[in-house]
Structures are given as structure tokens and as C-alpha cells.
Amino acid sequence: MQKRRAFAIAALLLSLSLVAAACSKSTTPDTTSSAGASAGGNDLLAKIQQDGVIVISTDPAYPPQSSLNPKTGKYEGFDIDVAEEIGKRLGVTVEWKEPPWDVLTAGHWNDRWDMSVGSMAALPVRAEVMYFTEPYYYVPAVAVVHEDNTTINDVTTDLDGKAIGVCSACTYDLFLQQTLVITGEDIQFVVDNPDIRGYDTDSTALQDLSLGDGDRLDAVITSGTTAQSAIDKGKPLRIVGPIFAEANSVAFDKSSSLDGQSLVAAVDKIVQEMRADGTLSELSLKWFEVDLSEPPV
Amino acid sequence: MPFTLKVAIVWLAIFVVLALMFAFSQFDTAWMKDNWSFILGGIWVTIFIAACSISLATVLALLGALGRISKNPVAYGVSGFYTSFFRGTPLIVQMFLIYLALPQMVQESSQGVRDFFTLEPVEAGIIALGLNYGAYMTEIFRAGIQSVSHGQREAAEALGMTYRQTMKRVVLPQAARVIIPPTGNEFIAMLKDTALVSFLGSSFAMMEIFRRAQLMGKVDFRNMEALILAAGMYWMLTAIFTFFQGKLEARVGKGYVRAGGGTTKAAPGHAARGTAIVTGAGGTQGHGGASGYPMEIDVPEGGDH
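So the protein sequences, as listed, match chains A and B.
The opening position of the first sequence corresponds to residue 1 in the working numbering, with each subsequent residue numbered one higher.
The opening position of the second sequence corresponds to residue 1 in the working numbering, with each subsequent residue numbered one higher.
Okay, chain B solo, but in the shape it has when bound:
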């Protein structure tokens, strides 16, 4: 019996157990049927917040990574401080600081400055998420850039390329293959962290999944049912994005995988935050390394399922 089929049977058994537990716990399924579409309506706000944040985080991560490997003391110092602070403080604290503390800091300034720094909850959430994840992704990008063997850079220099040309044409394209799986991981994690924005407050137009589930749960005294619906929705969202990430990985890694050999299917596991290079945890079929090329680098999938 092929391995995939066995795994599918295990999953089926798990779901059967969960369904039995669900049936026994006497959840108010009628309430869940009435309210799931309202809670699902928050999915667009969740995706919007995550998309904006990942864009900001990617830009910051690229700048930060270049700063971390830079010989320029200002760039190195600033990016070092940035990663230290934003990895060193909790995300929810950062959100509250940006939302509550910024307006306090500019209280004596003109009305225009005050308006600029008094953010809506969603705006503050996006900025906090972008800064926080940008710091973690800085380390991912840095490790990705450093994974491109030094010989490549030397060869580019020998050919007469400037630093910028080297980065743009030689290093970053190769680094992308290593950067994308952990970055996909981060995006998927960020989809869930958007739930924290609800703690700053919200307005009717911008209620994401968790906020809607919380509201309905509290109003009808059905917290359990509401949160199960929300958990299910986040899970589905994650599954969909993981699928697309797998496709992207296969596309980017095309030059590195032997035709007909295994896909980049390493043993399931997460990339540790802050590292991009994970030495392969085996478990692949026929990934020969006889040529000595950097094909030994097995790239872990973000969140296998």
C-alpha cells in the first residue's frame, strides 16, 4: 500500500475521532449554522491585513538583510537594532505601543502631526505586524543571501559586476529558492496573528474573523461554538496557502531537483524562525548528492499536510 494512502487513512481516522468528540460535546450546531457565514465574512479583512503586512515586512526584510551583511557601520548598526528590538518584544505589546503610545508622544505637536500619528486599529496592526515579521524575515533573508556560495560572488566580481549588479543578477535570484519556504511559513503565521488586531478595537467595516467570532460568541453566550468556527476557518485558510506555497517552491526549485526524483518533500517540520538553511532531515526519495553540488540542501516545506 503506498505511503500516501496510509497517511490519508491516518488523517481520516483522526477526523472520525474529532467528529465523535464534537457530537458528544453537545455543541449548539444550529447556532453554528446560523452564524458561520457572518464569521466567514471577516476573511477578506484578515487577508487584507496579512497581505499589507507581508508586503511591508518583505521590503523591511530585504533592507535589513542587506544591512546585516553590510560593511557600512550605520547600516549594520541600525539593522541590528531593528532586529533586536522587534524580535525582542511581544507582538501584542508592539501593537499597543504603536496604537496608544504614538499619539501620546506627539501630543504637543500641531493638529496635522497628531492626526498622522493617531492610527486606526487596522493601520496600527499592519505596521506592527510588518515591523515584527520584517525583523524575523531579516534573518531569513540574510541566511538566504549567505547561503549562496561565496564563489558566486567572487566570480561575479571577477566578471566586473558592481555590488548592485551582483546582488540583483547573481545572489538574490539564487537566494530566493532558500528564502521562499520560510517566508511562506511567516505569511501563514501572520494570517493567524492578524487576530491580535481585534484587541486594539475595531470598526464595523474592518472586523476580521476572530473579532466576529468573539462578538457573536459573547452576545449569544456561545463562545465555544464561535471559536471552533473561527479555528476551522483559519485552518482552511492556512491549508489553501500552504498548497499554493508548495507550488511556488516547486517552481522556484526547478533548476535544483532531479527530473523524476522526489519533489522537495522533506520530513514534515517547521523551519525554525530566523533560519533559512535547514540541513535536510532525510525522508526524500533519491536525492542523490554525488555531484557535490549544493543539492544536499533539503528545503523543508512550510507546514506539510
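For reference, chain A alone in the conformation it holds in the complex:
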């Protein structure tokens, strides 16, 4: 009786450890790190074209730039369409990964994904760890308030000292901290002494703002397209006005193990072609109903 029980327990433990071993192999394989330098190509572009696959990161909690359609299981959005088009012009298929935003902006992707088409602004501090192409679209950062609010109307004066929600590690956060630098733009830090509330993403900040004027937040600073998307989905918000403009680019990791500069050059060329032949305008009109592909005058 004790022998049988002991045997049963030993068998159970053995099968558990076998399951553990099997589990560690059966999760999704990391597709970027096959063959590598030994397969003949010695830079990232060659490897991608050899494998026929490029791995692109996205944050599908950011409509209309990127979201996941639960019914079809496909990603949808402006960033998604631009990325798919880039993949098509490179002649490869696209695979997706979903890293968190602050992991993405820190660089050092460890070859987990090759490229980011995620509405990332090409800030000098980010350019230390990432390569950027020329911008693929330009979006105004706006201040948003609850629709019941009547006191905040002028972004240069009325936001001082208010509780403002922003997504952490985004340009809006850096703007409020007055550390934002965008090449080619002279930013006026018009908001003094804000009470900065950081969120994981813009959507959460906007939902907190929707609770009521001043309940959690007095205002949110986010991209104009995201704010409009929230209003279109029924949130009781009002856009006050633009604060600054940011140019969003495609990003690459400087510390990738294979040299990525030829890939950056190739994608940069594709972005220019997409602008010249009107693809970027077309996609912008489709998703934002305005053409954001040209820099604001």
C-alpha cells in the first residue's frame, strides 16, 4: 500500500518535470534569431530578405494608429497599414510582437524585433539608442478637457498648475517636464507647474478624464488623432487646441547584433517613395480623415 502510493507520487513528480521540460520548448519560438551571421548574409537587411520575414513591434492599445480586431484576430490601424506596406515593398512578410512602450523606447531590443512603426517621435535622446527614418506623419499634440469644463480655453495660460494626465515616457510627458527637444522645432513650454500624472497609455488617461471635470484629472495631453478617436467613441471630451507638433518616424535598434544601417536606408527610401506616390496621404485620409503626411506649414 505504501509502496504503491510512493510509486504514484514519484511517477507524478517525474511527469511534472517532463511537462516542465516540454513547456519550456513548446512556447512560441523566437523567430528573429535563427541562423544569424553564419547563414551567409552579414547584415540585418540581408538576413531579413533571406528569411523572408521582418518582425515589427506594435502597441495595439492605441487606436486609430494600432488596435486588435478581436473578431478577425488581425491588427488594424494607420501604423499597421504603413508597416504592412513597408514589408510589401521590402518583399517580406510581417510578423508582429507587442512590447510595452517603455521597453520599446529604451532601445536594446536584443534582436527580439527588427523595426518599430509605432508613432514614435525621433527625439535626440532616443536617437542615442535608435536609428530613425524620415518622418512618416506629423501629428499635433493637443490638450483635451472634459466637455463640462468651461475654464480651460487657452493652452498658453489655463493649464498652469492643473492635474494633467499623459502617457509615461511619451513626448507629452517630456513636454510637461520641459525636457522635450524636437529637431527643427522650437517648443514653447507654455504649461507651468503642472501636476503630472503618468499613465501606461493615452487611453487610460482619457478614461480617467472622462470620469468628470477635475475628478481625477483636469486635462490630458495626447495626440490629436487619439483624442478625436476617443470623442468618436462617445467619451465626453473636448479638444482645447494644439500645443506642439511632433513628427513620427520608423525606429530601429542601434544595438542589434547584425548591422542595421542598410535596413534603415532601405526603409527610409521606401518612406520617401510612399510619400511621393501618395500612399501615405491615402492611408492618412483613411484613418484620420485628414492628411497628416506633410509637415505642418
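Keep in mind the hints are simulated off the structure, nothing from the lab.
Any given hint could be a false lead.
[Said to hold, decoys possible] As a list, the in silico DSS-like pairs of lysine-lysine whose alpha-carbon atoms are at most 27 Å apart: (1) A:Lys-74 with B:Lys-33; (2) A:Lys-254 with A:Lys-269; (3) A:Lys-3 with B:Lys-168; (4) A:Lys-269 with A:Lys-162; (5) B:Lys-192 with A:Lys-3; (6) A:Lys-71 with B:Lys-192; (7) B:Lys-71 with B:Lys-168; (8) B:Lys-33 with A:Lys-233; (9) A:Lys-3 with B:Lys-247; (10) A:Lys-88 with A:Lys-71; (11) A:Lys-235 with B:Lys-247; (12) A:Lys-286 with A:Lys-235; (13) B:Lys-192 with B:Lys-33; (14) B:Lys-168 with A:Lys-71; (15) A:Lys-286 with A:Lys-269.
[To be verified] Calculated from the model, a selection of chain A residues having no Cβ within reach of chain B, i.e. all distances over 12 Å: (16) Phe-7; (17) Glu-147; (18) Asp-200; (19) Met-274; (20) Leu-285; (21) Glu-289.
The beta carbon of each residue, even a glycine, is placed where N, CA and C say it ideally should be.
Start from chain A and add chain B according to the hints.
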């Protein structure tokens, strides 16, 4: 009126209050109806992660427990360090360390080594959960082994059994009865901690319940509704596993419970993490202890409901 019926009425009243609160808060129930099946789809990934992690944790816990009671200084030292570190740092920190720091540490090595240490979020999550829960379960296993009275070990030695035979045939089978309820507790807790894996990132194929709820909530600006659905699903999952755990406990404790007496139904409460022996909190019917046997050990159920 029997006690169980009274308890059922109390639960019913609680649910009625919750339903009224729900109705008053104007949740977007249409949205919840559209999206619950997508969020529920993550249940398989949640269970997969939990199952892999508990397997790893069990293996580590057994080794760790044997190390903690060992006279061998290497085994004792290593297992002591293991439990100290992995109980002493937060689980989310461990997850991020394994996911982000490991690749950095091997940056100068060859491509093969780098690939091996650059883990997917789910892989890193499983390893972190396994290590973390293994450390807590080490103490559970150790206490379980120590709960088997020393006389048993002496008797086995007198019969000429080796250490391994003693453990395998005498100590561990008896320890199992004490180990299983807190271990079931840990598994149920781990089901919920799988939600932390979403903070490392995810890919489409491996999105668990919390990640799906978060995504849908953010995209449609319905965080509240999405998270209520997710909470409900975790609760259901926990209830199902608690039920099965109760069955397992009854099976393993068959030799210790008087026929016709109470089941192993102690007062509801959790086993404190890291202990397996909990002196009975009364509340059972007719658990006589006149014989002086270790039947006074009332085993608390993990998460009574």
C-alpha cells in the same frame, strides 16, 4: 435550518447586492456581451502558463526542501540562498530581470548563447513564476516533511532502509497529505499571477486573460467593463480548481479521517505562505483526538467557498 443552507442564503444576498450595484453603475453591458468571448479565449494561455510554472515550482520545491533539511553544507547553503532571494524580491522584478537583464548579461557571448538567453515573454514569465513559487513551496514541502514524526524515520532506519528509501516509501507519502492543501493554494494564487506576464509584452498567439481585457478596454475606452469581465473569469477559474483541490484532499486524507465524521472542513482561512502545518482552527464536527494520533492536525482548505 442546516448551516450550509444559511450560508447559501448569505451568499445569495451578497450576489443580489452586487447585482444591484452593477445595475446602478451603468456599465456598458452591450460591450461586455460583444467582447466576453474574446477575453475568455485567453483562459488556455493562463492555464498553460500556470501548469508549466507549477510543474517547475514543484520540482524546485522538492529539491529545495530536501536541501533545507540536509546535513550537506552545499545543499543547505544553496537552497537557503534560493529561498531567501526568491522570496525576498518581488515577482514582477524577477520577471523583468529574467526578461530584460539576462540578454544584457550575455551580450558579449556568441550568437547561440545570446539566442538561448533571450526569452519570449511567456517563457520568461514561466521561469520567474516557477522560481518564485518554488521558493515559497520549498518551505511548504520542508514543513510537510518535518511534520512526519521522527519516529517514522527512526523505524525505517531500524528496518534497514536507506535515506532514499525512507524518503520515498515512508516520509514523502505521509508528507503529501500535509503538503497538498497549501500547494493547491499556491497553484490557485499562481493562476492569478500569470496576469503579470502581460507587463513584459506579448504576441498574438500568447495573450492571456488580463492582456486581452486590457487591450479591449483601452481600444474601446471601456477599462471598467473589461476588467470586470477579467475578474469574473479568474474567479470562476479559481472556484473550479478549488473544487478539484477539495476532492484531491479528501482522497489523500482518506486514511486519517474517521468514517462518517466531518470532512476536512476547517474554518475558512488561507494557509499562511511558507507553512504547511496549521493547528486546527476548530469548527469541525466530531474530530475526536482521543487516540493521541496526529489526527489533531486539521488541514485548512485552500480558499473555502
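Hints the structure fails to honour:
Of the numbered hints given earlier, those the structure breaks are 4, 5, 11, 14, 16 and 18, listed in rising order.
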